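Student: For reference, the chains in residue letters:
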Amino acid sequence: MPPTSLLALSIVVPMYNEEESVSPLVDAVREALAEHPSWELVLVDDGSRDATVRIASTISAADHRVVVLQLARNYGQTQAMQAGFDRARGRIVVSMDGDLQNDPRDIPLLVAKLEEGYDLVAGYRMRRQDKVVTRKIPSWVANRMISWLTGVRIRDNGCSLKAYRRELLDQLHLYSDMHRFLPALAAATANARIAEVPVRHHARRFGVSKYGLSRIAKLLADLLTIKMIATFRESPLAMFGLGALASSVVASGFLAAWLLSPIPNAYVFPGSALLCIALAVFLTMLGLIAEEALQKVRAEEQLERFESRAVHA
Amino acid sequence: MMATQVRAGIAAQVTVIVTVVERPEPLDALYQEYAAVLDSCGRSYEFIFVAHPFFHEMLEPLLALQRAGEPVRVIESPRSIGETALLRMGLADARSALVVTVPAYRQVQPSAICDLLAAVDGGADLAVARRWPRIDSKVNRFQHLALHLTAGRLANGTLHDIACGVRASRRDVLRAIPLYGDFARFLPLLAIYNGYDVIEIASPQHSSDRSRRVYSPGVYVRRSIDILGLYFLLRFTEKPLRFFGLIGAVLAGTGGIALAVMFVQRIFGQPLGNRPLMLLAVLLATLGVQAIALGLVGEMIVHFNASRRRSYRLREPAAAEGDPPPV
Numbered sequence: 172m173p174p175t176s177l178l179a180l181s182i183v184v185p186m187y188n189e190e191e192s193v194s195p196l197v198d199a200v201r202e203a204l205a206e207h208p209s210w211e212l213v214l215v216d217d218g219s220r221d222a223t224v225r226i227a228s229t230i231s232a233a234d235h236r237v238v239v240l241q242l243a244r245n246y247g248q249t250q251a252m253q254a255g256f257d258r259a260r261g262r263i264v265v266s267m268d269g270d271l272q273n274d275p276r277d278i279p280l281l282v283a284k285l286e287e288g289y290d291l292v293a294g295y296r297m298r299r300q301d302k303v304v305t306r307k308i309p310s311w312v313a314n315r316m317i318s319w320l321t322g323v324r325i326r327d328n329g330c331s332l333k334a335y336r337r338e339l340l341d342q343l344h345l346y347s348d349m350h351r352f353l354p355a356l357a358a359a360t361a362n363a364r365i366a367e368v369p370v371r372h373h374a375r376r377f378g379v380s381k382y383g384l385s386r387i388a389k390l391l392a393d394l395l396t397i398k399m400i401a402t403f404r405e406s407p408l409a410m411f412g413l414g415a416l417a418s419s420v421v422a423s424g425f426l427a428a429w430l431l432s433p434i435p436n437a438y439v440f441p442g443s444a445l446l447c448i449a450l451a452v453f454l455t456m457l458g459l460i461a462e463e464a465l466q467k468v469r470a471e472e473q474l475e476r477f478e479s480r481a482v483h484a
Numbered sequence: 294m295m296a297t298q299v300r301a302g303i304a305a306q307v308t309v310i311v312t313v314v315e316r317p318e319p320l321d322a323l324y325q326e327y328a329a330v331l332d333s334c335g336r337s338y339e340f341i342f343v344a345h346p347f348f349h350e351m352l353e354p355l356l357a358l359q360r361a362g363e364p365v366r367v368i369e370s371p372r373s374i375g376e377t378a379l380l381r382m383g384l385a386d387a388r389s390a391l392v393v394t395v396p397a398y399r400q401v402q403p404s405a406i407c408d409l410l411a412a413v414d415g416g417a418d419l420a421v422a423r424r425w426p427r428i429d430s431k432v433n434r435f436q437h438l439a440l441h442l443t444a445g446r447l448a449n450g451t452l453h454d455i456a457c458g459v460r461a462s463r464r465d466v467l468r469a470i471p472l473y474g475d476f477a478r479f480l481p482l483l484a485i486y487n488g489y490d491v492i493e494i495a496s497p498q499h500s501s502d503r504s505r506r507v508y509s510p511g512v513y514v515r516r517s518i519d520i521l522g523l524y525f526l527l528r529f530t531e532k533p534l535r536f537f538g539l540i541g542a543v544l545a546g547t548g549g550i551a552l553a554v555m556f557v558q559r560i561f562g563q564p565l566g567n568r569p570l571m572l573l574a575v576l577l578a579t580l581g582v583q584a585i586a587l588g589l590v591g592e593m594i595v596h597f598n599a600s601r602r603r604s605y606r607l608r609e610p611a612a613a614e615g616d617p618p619p620v
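Residue numbers (this note's numbering), protein chains in the order written: chain H, 172 to 484; chain G, 294 to 620.
The hints are simulated quantities; they were obtained by calculation from the structure and are not laboratory data. Be careful, since some hints might not be right.
[As the list claims (entries may be wrong)] Covered by chain G, according to a simulated footprint, are these stretches of chain H (three or more residues, beta-carbon under 8 angstroms):
| # | region |
| --- | --- |
| 1 | 183-196 |
| 2 | 243-251 |
| 3 | 340-348 |
| 4 | 440-447 |
| 5 | 458-468 |
None of these values were measured; they are calculated from a predicted model. For each residue, glycine too, the CB sits at the ideal point set by N, CA and C.
Turn these sequences into a full structure, and let the hints steer you where they fit.
Tutor: In structure tokens, the structure reads:
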């Protein structure tokens with residue numbers, strides 16, 4: 172639920188061991204929003220072990236527009252972002268990276284685009300300043316896969332610079348590593364209208380990059396999840412039913428192979444068919460249990476949504 | 294025995310919860326030993342003994358202490374429940390802001406609890422005793438090693454004695470950590486997971502703790518299952534598909550490759566119908582699909598519950614100096 176007193180704009184910045192970036196970042200935001208009537212900058216410390224919190228708190232003590240949240244441990248960027256969203260009081264919320272690779276001067280562009288009637292405006296990095304092999308290529312593949320699997324055409328899912336309407340954020344709840352798939356989730360679960368604008372991108376000035384190549388397996392699992400949520404959110408049973416159907420088709424294939432087999436006692440074929448039938452039965456039952464597990468949560472969610480809509484209306 | 298007297302209506306500084314669930318020593322002697330220690334470091338206290346019904350007889354001396362006006366309360370669980378549930382009962386009744394938990398037997402020198410309480414005063418959310426130096430029997434050391442090679446890894450090597458039940462914390466912290474099943478045993482791990490600061494304080498192992506402890510095979514099976522459950526809880530609660538998906542991918546991948554190889558061999562003339570290996574390959578593939586399907590159900594449940602469950606905890610602003618106000 173949003174806090175009651177709303178500002179025009181909140182900037183949410185997750186920070187993890189960014190002691191060198193804090194001051195330049197705050198200065199850049201101040202400069203970029205000098206004309207803006209009311210804004211706040213929410214710095215979310217994600218369990219940094221350097222002086223990030225101390226520096227941020229000092230700034231916050233002198234400037235009430237800067238708010239510092241401190242997570243109890245290092246949870247990850249998604250959780251830090253969600254913490255910032257939960258605390259942000261702006262009618263429009265902008266998220267960006269804490270490492271100065273995004274440029275706060277782009278914030279007004281995003282906000283202007285959002286005000287044309289979108290729920291989410293995603294930045295995409297022009298002339299991206301990153302290593303080609305470890306960053307650009309994996310990112311290109313990931314973006315293509317996300318677009319293809321979810322049907323949400325976003326050029327640059329990895330760019331943190333995005334603007335959202337408060338109403339949209341109230342419907343989204345990020346967990347795991349889901350911030351990367353936020354546009355896809357927003358489109359799938361909240362029917363968000365999404366636009367993109369090009370944004371500047373700077374090479375990393377301080378610190379080290381916090382990603383590596385090891386994310387690919389995780390990315391695949393997350394993509395499968397997003398795909399499932401996007402497609403079968405309304406009916407998990409349908410998904411498992413389709414799986415059961417596919418499994419039955421394979422079983423029929425094995426049975427056919429048994430009938431056509433030139434070898435007299437080809438019992439591996441009916442055996443394999445039975446295994447596939449067992450799988451089909453298992454999947455169907457699993458689908459039923461999934462429906463069961465979600466029934467109550469769904470009813471509550473629906474109620475919540477209508478209530479939240481009434482609040483904003 | 295001169296107990297620091299607690300006036301009616303004002304809570305003691307420390308609630309000591311003693312869970313009486315295995316190999317209890319005489320409880321009145323235990324009380325007097327710990328009470329003397331708390332007197333020596335100037336803390337007022339109350340004791341809550343939460344007992345498994347099996348040890349009903351051992352509670353009589355405690356009731357005598359209670360009648361004599363000592364700050365002792367006795368809770369007997371109505372049915373056979375585990376240590377975690379007993380601890381929860383004790384926590385529900387604790388009146389003080391600081392809580393010390395001890396088992397009904399001595400693991401470390403009782404004086405350790407003063408150090409633990411000092412650590413909590415110094416800002417730790419949970420202070421746990423570490424039996425060190427250790428004078429344990431070989432069997433115990435081996436079990437200790439096995440526990441720390443499995444569950445201990447979940448703390449990334451920061452904890453050296455998870456199984457030591459002598460712990461001090463704030464009541465609010467202990468109440469905020471979800472405790473169920475048999476997870477009280479792993480409390481320090483759960484505390485770290487929930488973003489609390491955990492400090493380990495070395496205390497010499499008590500001589501009565503060195504005796505060889507061998508449990509029934511069922512206990513070891515249960516512990517193993519607990520550790521697996523804990524591993525899943527701490528690492529994959531929010532991303533079940535990464536756990537099940539990995540298992541499923543390995544199974545289905547192996548089965549799929551075997552099937553592909555046999556299919557190619559079939560094209561080159563070797564019949565399939567008399568190869569039992571195919572049954573194994575299909576079995577692996579179906580098991581793999583089942584694991585992935587379970588992971589997907591898990592993801593769906595996480596997704597739909599995300600709005601109900603905060604996946605982070607904020608650090609509170611530093612607490613004010615001095616004793617917490619009485620409750």
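Student: Each hint: holds or not?
Tutor: Quick rundown of the hints versus the structure:
1. 183-196: With 0 residues close enough to chain G, the hint is violated.
2. 243-251: Coverage by chain G holds for the region 243-251 of chain H (6 residues, Cβ < 8 angstroms).
3. 340-348: Holds: 5 residues of the region 340-348 of chain H have a Cβ under 8 angstroms from chain G.
4. 440-447: n = 5 at 8 angstroms, threshold three: holds.
5. 458-468: Satisfied; 5 residues make the cut.
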